[in-house]
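> If you're matching them up, the sequences are chains A and B in order.
In short: position in the first sequence from 1, add 54, done, that's this note's numbering.
In short: position in the second sequence from 1, add 54, done, that's this note's numbering.
Check each hint, because a few of them may be wrong.
Just so you know, same-sequence chains aren't split out, so a pair can sit in one copy or run between any two.
Stated by the list, open to error - Think about it this way: if two alpha-carbon atoms lie no more than 25 Å apart in a straight line, the pair counts; the simulated DSS-like pairs of lysine-lysine are:
#: 1; residue 1: Lys481; residue 2: Lys317
#: 2; residue 1: Lys420; residue 2: Lys209
#: 3; residue 1: Lys266; residue 2: Lys63
#: 4; residue 1: Lys102; residue 2: Lys280
#: 5; residue 1: Lys72; residue 2: Lys121
#: 6; residue 1: Lys102; residue 2: Lys63
#: 7; residue 1: Lys387; residue 2: Lys217
#: 8; residue 1: Lys280; residue 2: Lys401
#: 9; residue 1: Lys102; residue 2: Lys68
#: 10; residue 1: Lys420; residue 2: Lys63
#: 11; residue 1: Lys191; residue 2: Lys488
#: 12; residue 1: Lys280; residue 2: Lys318
#: 13; residue 1: Lys264; residue 2: Lys63
#: 14; residue 1: Lys264; residue 2: Lys68
#: 15; residue 1: Lys264; residue 2: Lys102
#: 16; residue 1: Lys425; residue 2: Lys389
#: 17; residue 1: Lys102; residue 2: Lys266
#: 18; residue 1: Lys488; residue 2: Lys285
#: 19; residue 1: Lys63; residue 2: Lys217
#: 20; residue 1: Lys284; residue 2: Lys488
#: 21; residue 1: Lys266; residue 2: Lys199
Hints were generated in silico from the structure; no laboratory data involved.
For reference, the chains in residue letters:
There are 2 protein chains.
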Amino acid sequence: MNTVELIIKKRNGKALTKDEINYLIHSYTKGRIPDYQFSALLMAILLKGMTKAETSYLTEAMLHSGKVIDLSYVKGPKIDKHSTGGVGDKTSLILASVVAAAGVNVPMISGRGLGHTGGTLDKLESIPGFRTNLSLKEYKSVLKKCGAVLIGQTKDIAPADKKIYSLRDVTGTVESIPLITGSIMSKKLAEGIDGLVLDVKTGSGAFMRKTKDAVELANSLISTAKAFNKKVIAFITDMNQPLGNYIGNWLEVYESVMVLRGKKQGDLFDLSMNLSGAMIYLGGKAGSIKEGIEIAKEQIDNGKAFEKFVQMVELQGGDTSVILNPEKYPASKFKSKLKSTTNGYVKEINTYQLGMAALELGAGRKTMSDKIDPKAGIIFNVKLGDKIKKGEVVAELHSQSKDKINIAKEMILNAITFSKQKTTKPKLIKKTIK
Amino acid sequence: MNTVELIIKKRNGKALTKDEINYLIHSYTKGRIPDYQFSALLMAILLKGMTKAETSYLTEAMLHSGKVIDLSYVKGPKIDKHSTGGVGDKTSLILASVVAAAGVNVPMISGRGLGHTGGTLDKLESIPGFRTNLSLKEYKSVLKKCGAVLIGQTKDIAPADKKIYSLRDVTGTVESIPLITGSIMSKKLAEGIDGLVLDVKTGSGAFMRKTKDAVELANSLISTAKAFNKKVIAFITDMNQPLGNYIGNWLEVYESVMVLRGKKQGDLFDLSMNLSGAMIYLGGKAGSIKEGIEIAKEQIDNGKAFEKFVQMVELQGGDTSVILNPEKYPASKFKSKLKSTTNGYVKEINTYQLGMAALELGAGRKTMSDKIDPKAGIIFNVKLGDKIKKGEVVAELHSQSKDKINIAKEMILNAITFSKQKTTKPKLIKKTIK
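With these hints in hand, go ahead and build the complete structure from the sequences.
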C-alpha cells in the first residue's frame, strides 16, 4: 500500500478500508511510516471524520498493536468504568471498591494527570508505598484475590495509542471524536473486560465543553464497544463545577475514604453510586441500574466497600494506616483559607481555572516530566447555586509554597462568578445512553 | 508564538496573521519547527484554505527565506513566463528567444521534469555542454549580454519552497491553491522581474484537470502578483493533448528549433506567439497583446529569434552545432513506428498516459534521482479531431530499449479513444485573465 495515496483518500473525505487502517496503524507503530506522514493523516481524520466502521477498525488495529489480557481464568463478570476526566473526579477510587464488594470484578487500567485534570494513578500513589506499575502477573493476582485492581498503562497495552497520542498532542489533532474513541477503547478493550460504563463529562472543567460534543463522543464510544460485543452504558455528566469538594491527590483519596466510610451526601456520592449501580447491572448482579444503585449503597452501609479498598491498597503495597487513620498523613507546610470578597449566589465556576489553580499549588503537572506534590490542593467549599456571604470561607489551599498559595487564591477568586439573583444548581446526570 | 496553537487556529478555519505566517515559515525553514508539526499545518491549510491576504503573506515569507535577485542594473523591462506544466510543453525555449529579440529581458528560473511532465532544464541539458547551473553572477552576465537566460533554482532562491515542497510531496498536500501559489510566486518574485505571464493548463495532461480549478489557481496567482505590484496576465490553456508533436527532451529542443526557424503552424506555434505577445505587451514594447503577437511573429520571420536562441545556447556553454544542424544529434538505438489498429476520429487523448509512456522510454524520471535519456521520446502525429485510418502511423517511438518501446506502444494505443462520429478540436486558449 502507498501511504501518500491513503492520506489523499482520507483527505478527500473517503472512507478507509479495514486493511488500509491496519496497514497505517501497524506501519506507524513499527516506525515504518514517519511522523510527518502520520500527522498529516491525523489532521485529515480530524477534519474529514471517520465512519462508525472506520472507528471500529481503528480501535481494533490499535488494540492489536499490543497484548489483550486474558482474564478468562477470573470467575465472574469483569466491568470497568472510563471517565473523560474532570476536576475533583475521584469516582474510580470509590466505585472500584463498591463494585468489587458487590461481586463484580473491576480490572482498571488508568492514566496520569496532565494539565487541569488529575489522574487516578497520581491519586493512588499519594498513599505511601502504593504501586501502580504492577506486572501483568501481579495485576491478575490482585484482581483474583480482591476483585479490583488499579494500575497504569504498561508497554504491552496498545503501544500504538501511546505513540499516536504523543503525536496528536503536538500537532493540534487531539479534538477528534474517532481518534479519542480509538485511544480510549483500544486501552479498555485490552483489559479483558465484558462491559464498560462511560462517564462522559461536559462543562467548564471538561474536555468537551458542549453537551452536544459529549453526546457525540458517547455515541461513538458506545457504537465501538458494541462492535466488540461489549456491554456498555454511558452517562453524560456535569463538569461545570468540581466533583465533590477536594481537589489534589491525597485530598481526593481522603474524600473518597470519607464516602466509603459513609459520608452519603453530595454530588460525588451520587455519581459514584450511579456509576457503581450501572457497573453492577452490566455485571449481571442487578436487574436494573436502579437496583444496582441500591446494592452499591448497601456496600457502603455494611462496610464491605471500605474493607475492599483497604484490601486493595494492601495488595498493591500501600500503607493502610493512612487509610484507616487519615489524620496521620503528613500535612502541607502551608494551609490558607480563602474568604469571599462579595455577597451573592454562585452563578458560574470556571472549573478549568480551578484545576489550573490546584496545578499551581503543586497538585498537577504541565508536562509529563513534572513532579507532583501529593499533599497539595484545594478544599473547595462552594457549589453552584450556593448563597455566599462576604467573609465566608470559599476554599482552603494546601501547598509547600506561600507564593503559590497567593497566586492560586487569585485564580480561584477569578474563577467564581456571583449573581445578586438566585441561581440554579445544574443537573448532575444530564443523560443516560445505552 | 506557540506552533500547536497556530495549527489549531488554521485547523479551526481562522485566518493567520502576517506575523504568524512569518513565524511558521521562517521557523520551519530554519529547522526549529519539526516536519511532523508542519505537515499537520499543511493539511489544515489544504482543507481549510487561505485568504488572499494569507496567501500573499505566505508568498512573501517564502520569498524572503532566500535572496531576491536585484536586476536593476539591467536596462529595460524584465518579464518571465510560468507554466503549470504539461506534456510536450516547450514554449519557454521559443518565447525566451522571441521576447528577448523584441527587446524585453527574460530572466527565467526553471524546474526539472518529474512524473508525466518534462522540465525546461532537462530539455536544455540535452544540448551537449549546456549549463543550467550558472552562478548568480553568470546569470546576470548572460541576461545582460543576450536578454534571455534559463537556469535552475539555486540554493539561495526561496529555500523555504524547496523544504516545504519536499514535505508536501510525501504528505498528500500538493493540491492546495494557496500552497501552489506560494511555491510558484516566491520563486518567480525572487528573479527580480517586473511582470509575469502565466500559462495555467487544464485537461487530461495537466495538474488541474478541471478548468474551474485552473481558473481558481490563475486568480490566486494574479492576486498575489498584484499584491507585489507586478504586471500580470494569465491564460487558461488546453492540455487535453500534447502541445506540438514532440515529447522528450532533445525531441522538444528540435521542435522548438523548427518553430524558431519558421515552422509557423500548429498549437505550439500559436501558444508560443500568444505568450510572447503578452510578455512583449507587459514589457511595454507593444500597445496590446495582439500587437505583441505581431511583433513576436516578426522576430521569427526576420531570423532574430533564432539568432537569439543560438546566442543564449553559446553563452550558457552549449554546443551550437546541433542547433544549427540538428541532424548531427546522435540518434536513439531504436526507433519504431506505431500504427493505428482502427479507423475513426480522435475523440480523447489520455495525455497523462502519453507523458508516462515517454517516461517509460527514458525521457522522464519517477523520482528526482532517476537519470534521463535525452534522446528518448515520442513523435506523436495525432491531434484531437483528426481522422485516422487503420495502419496510419500515429507515433514514432525513440528509445535505447526495445522492451520499453513495446511497453510504451501499448500505453500510447490505450491512451487514444476513437469515435465513429466526427469529433471537435478543443479551443487552445480557453480564457485570458488580466
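> Could you run down the list of hints and mark each one as holding or not?
Structure-based check of each hint:
Taking the shortest alpha-carbon separations for Lys481 and Lys317, only the intra-copy value of 21 Å comes in at or below 25 Å, while the best inter-copy value is 84 Å. In this homomeric assembly, Lys420 and Lys209 come within 25 Å of each other (Cα to Cα) only inside a single copy, at 23 Å, whereas the closest approach across copies is 40 Å. For a Cα distance limit of 25 Å, the shortest separation of Lys266 from Lys63 across copies, 21 Å, qualifies, whereas the shortest one inside one copy, 28 Å, does not. For the homomeric pair Lys102 and Lys280, the shortest alpha-carbon distance inside one copy (23 Å) is at most 25 Å, but the shortest distance between copies (34 Å) is not.
Proximity of Lys72 to Lys121 under the C-alpha cut-off of 25 Å is restricted to the intra-copy arrangement: shortest distance 20 Å within a copy versus 48 Å between copies. Taking CA atoms no more than 25 Å apart as the test, Lys102 paired with Lys63 passes in both settings, with 10 Å inside one copy and 17 Å between copies. Within a single copy, Lys387 and Lys217 get their C-alpha atoms no closer than 39 Å, and across copies no closer than 54 Å, so neither meets the 25 Å cut-off. In this assembly of identical chains, the alpha carbons of Lys280 and Lys401 never lie at most 25 Å apart, being 39 Å within a copy and 53 Å across copies at closest.
With identical chains, the CA atoms of Lys102 and Lys68 are at most 25 Å apart both within one copy (8 Å) and between copies (17 Å). Taking the shortest Cα distances, Lys420 and Lys63 sit within 25 Å of each other only across copies (21 Å), while inside one copy they are farther apart (36 Å). In this homomeric assembly, Lys191 and Lys488 never come within 25 Å of each other (Cα to Cα): the closest approach is 33 Å inside a single copy and 74 Å across copies. Taking CA atoms no more than 25 Å apart as the test, Lys280 paired with Lys318 passes in neither setting, with 34 Å inside one copy and 72 Å between copies.
Within a single copy, Lys264 and Lys63 get their C-alpha atoms only as close as 30 Å, which misses the 25 Å cut-off; across copies the closest is 19 Å, which meets it. Proximity of Lys264 and Lys68 under a CA criterion of 25 Å is satisfied inter-copy only: 20 Å between copies versus 28 Å inside one chain copy. Both within a single protomer and between protomers do Lys264 and Lys102 lie at most 25 Å apart by alpha-carbon distance, with minima of 20 Å and 23 Å respectively. In this homomeric assembly, Lys425 and Lys389 come within 25 Å of each other (Cα to Cα) only inside a single copy, at 20 Å, whereas the closest approach across copies is 74 Å.
Taking the shortest alpha-carbon separations for Lys102 and Lys266, both the intra-copy value of 18 Å and the inter-copy value of 23 Å come in at or below 25 Å. For the homomeric pair Lys488 and Lys285, the shortest alpha-carbon distance inside one copy (9 Å) is at most 25 Å, but the shortest distance between copies (64 Å) is not. For the homomeric pair Lys63 and Lys217, the shortest alpha-carbon distances inside one copy (23 Å) and between copies (24 Å) are both at most 25 Å. Proximity of Lys284 and Lys488 under a CA criterion of 25 Å is satisfied intra-copy only: 12 Å inside one chain copy versus 63 Å between copies.
For the identical chains of this complex, Lys266 and Lys199 are neighbours neither inside a copy (41 Å) nor across copies (69 Å), given an alpha-carbon limit of 25 Å.
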